[in-house]
Amino acid sequence: MSSSPIEFKNPVLKWVEYRLPVFSFIDSSVGGSYPAPRNLNYWWNFGSLAGIILAVMVATGIVLAMHYTAHVDYAFDSVERIMRDVNYGWLIRYIHMNGGSMFFICVYIHMFRGMYYGSYKEPRELLWIIGVFILLAMMATAFLGYVLPWGQMSFWGATVITSMFSAIPYVGDALVTLLWGGFSVDNPTLNRFYSLHYLLPFVLFGLVFVHLWALHVHRSNNPLGVEAREPEDFIPFHPYYTIKDLFGMGVLLIFFLGFVFYAPNFFGEPDNYIEANPMVTPAHIVPEWYFLPFYAILRAFTADFFMYWPVAWLMSAKLAGVLAMFAATLILVLLPWLDTSKVRSNKFRPINKQFFWIFVADCLLLGYIGAKPAEGNFIIIGQIATFYYFFHLVVLVPLIGILERPKPIPESISTAVIKSAE
Amino acid sequence: MVSSADAALSTSDSDEKSRRDFLLVATSTIGGLGMALAAWPLIHSMNPAKDTLALSTTEVDLSPIEKGQSITVVWQGKPVFVRHRTADEIEQARSVSNDDLADPESDEDRVQKAEWLIMVGVCTHLGCIPLGQKSSEPKGEFGGWFCPCHGSHYDTSGRIRKGPAPKNLAVPGYVFLDDTTVKIG
Ligand code: HEM
Ligand code: FES
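Just so you know, the protein sequences line up as chains R and Y, in that order. Count along the first sequence from 1, add 3, and you get the number used in the working numbering. Count along the second sequence from 1, add 5, and you get the number used in the working numbering.
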């Protein structure tokens with residue numbers, strides 16, 4: 004649909020538009036001149052929701068930074084001061100704390116949406132890959148931010164995660180010293196983590212910008228996975244999806260603020276209200292919930308895990324675990340090529356649809372195991388779930404694409420949608 | 006007079022190309038090297054600063070530590086375990102054959118005086134502090150230390166015997182200044 008750019012009557016708008024075409028840019032990006040498939044469902048809300056949360060995180064973060072002190076002797080107390088003495092400090096901090104969790108909820112749903120409807124397929128591979136890097140940058144940001152309040156989980160989480168790099172042969176220990184700026188997680192570490200925690204959200208902004216740029220080239224995929232071509236396949240983004248996104252925002256805010264006001268520490272760990280003590284490790288170190296599946300994969304790699312055997316001659320189980328954990332995210336970059344099926348939407352893929360849900364269940368199971376102590380059956384279940392995670396992506400996805408017989412695919416969005424409406 | 010432009014025109018096309026290529030490659034190489042060198046001060050500034058390095062020794066008075074007791078001292082921000090071992094523990098540590106060790110090292114190589122075991126109390130897996138310093142804490146299946154984070158067991162010489170940790174607990178450099186004082190670092 005090639006709508007002609009809008010004409011501005013207001014002389015000020017006209018004057019600006021002539022010199023910097025910012026209004027037509029907005030109009031063609033999220034306005035009436037941006038054509039969107041007419042059949043997008045609510046799963047398509049989560050991208051804009053994630054963007055809204057990013058803005059909320061930056062706004063609350065900048066204010067928190069005005070009261071926070073990045074020094075091992077003051078950090079914990081400065082956060083307590085934010086909670087008790089700073090006007091609305093408790094509100095701003097609880098929004099920032101729970102905002103991290105909301106961000107990951109939205110982005111994980113956003114990603115599973117992409118998997119279910121095959122949004123990563125040609126020609127949106129790069130859009131998907133940029134998304135994987137957005138996830139990595141978010142994880143780094145959240146990890147760095149969690150260290151700042153300098154509680155016990157902050158400190159020991161930072162110790163465990165940075166120590167993973169010591170698994171790298173030859174340079175590992177020097178690299179960890181470089182990361183720490185000392186011989187343990189200490190004041191230099193806290194300072195640089197603060198600097199980077201302030202920086203990364205802006206890198207995220209940049210990544211989101213190219214993500215949306217790529218999106219606007221081939222536009223949104225849709226629940227049918229059939230490319231929108233005819234004018235009848237589209238509706239203008241504004242007002243149809245602006246209003247739908249705003250409605251979604253209202254629902255999200257009810258959910259989000261429900262936690263902020265009624266269960267602000269639901270996602271948190273009580274141990275993080277104990278000031279960091281480098282001489283005492285808490286009995287159970289658990290990362291934030293959004294890292295649990297990856298933590299489970301890290302811990303699955305013990306000397307007797309069969310996935311470790313093929314590489315046992317080459318590296319320690321510790322290094323294998325660290326590599327597997329990073330691979331679990333990075334392998335998603337290859338998904339557009341691992342999936343051999345030309346059919347995008349799982350609506351028309353009866354077999355793949357079932358395995359998709361098994362995969363979702365496997366990810367949840369990994370999350371559950373990540374929260375449990377590494378002992379007894381939890382180890383075995385974690386190892387099986389880890390194996391299945393990779394088995395699904397590397398073996399099942401390519402095989403199903405070849406073997407499965409997809410259901411008949413509608414000619415176009417408009418025929419399918421209008422027929423079902425009649 | 007032949008201007009330089011004319012001279013350039015008169016040289017053959019391919020010759021001209023290779024000279025330009027050379028200049029391009031040479032300039033970008035030197036430029037790239039310059040950039041890499043300029044990055045080094047930025048990276049090195051993240052390494053431990055001089056004041057951090059200056060805090061690198063700790064002196065410990067051993068006289069109050071009874072046989073069978075341990076103390077934890079801080080060295081470079083890390084806990085260091087100092088254990089006054091019993092004859093039993095020494096015997097246990099020395100009776101192990103290298104074949105049973107994941108990171109083979111004899112007990113003799115890990116101590117200067119058999120009754121004093123001094124090592125960095127940081128699990129070689131992912132950096133937690135193993136339990137076993139206090140008599141009330143679990144000591145693991147080999148009577149030494151146990152790391153609760155992911156279940157690593159260390160023996161009475163601080164060697165890794167079971168679990169995900171790849172190496173023995175590290176032995177720092179130290180010297181006995183006299184019979185009851187030791188300087189770590
Ligand atoms: C991508 C966006 C961001 C994410 C995912 C994120 C995540 C986090 C998390 C998980 C915490 C720990 C909260 C706690 O346990 O108390 C935190 C703390 C903090 N963040 Fe952020 N953050 C983001 C953006 C920002 C920005 C843009 C700033 C500043 C410009 C900022 C400044 C701070 C400060 C000062 C703290 C320490 C105070 C506190 O603990 O409440 N954050 N962040
Ligand atoms: S840190 Fe000790 S077992 Fe993992």
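Honestly, the hints are just simulated from the structure, not real lab data. Check each hint, because a few of them may be wrong.
[To be verified] Some but not every residue of chain Y turned toward chain R, in silico, with C-beta under 7 Å:
id, residue
1, 43
2, 57
3, 82
Heads up, the beta-carbon is just placed ideally off N, CA and C, and yes, glycines get one too.
For this session: With chain R as the partner, please determine if residue 82/Y meets the hint condition of a C-beta pair closer than 7 Å.
Result: Holds. Min distance 4 Å.
Exercise. Given residue 43/Y as an interface hint, is the shortest Cβ-Cβ distance to chain R below 7 Å?
Worked result: violated (18 Å)
Exercise. Can we keep the residue 57/Y interface hint, with Cβ of chain R closer than 7 Å?
Worked result: Interface hint status for residue 57/Y: holds (5 Å vs cutoff 7 Å).
Checked against the numbered hints above, the structure violates only hint 1.
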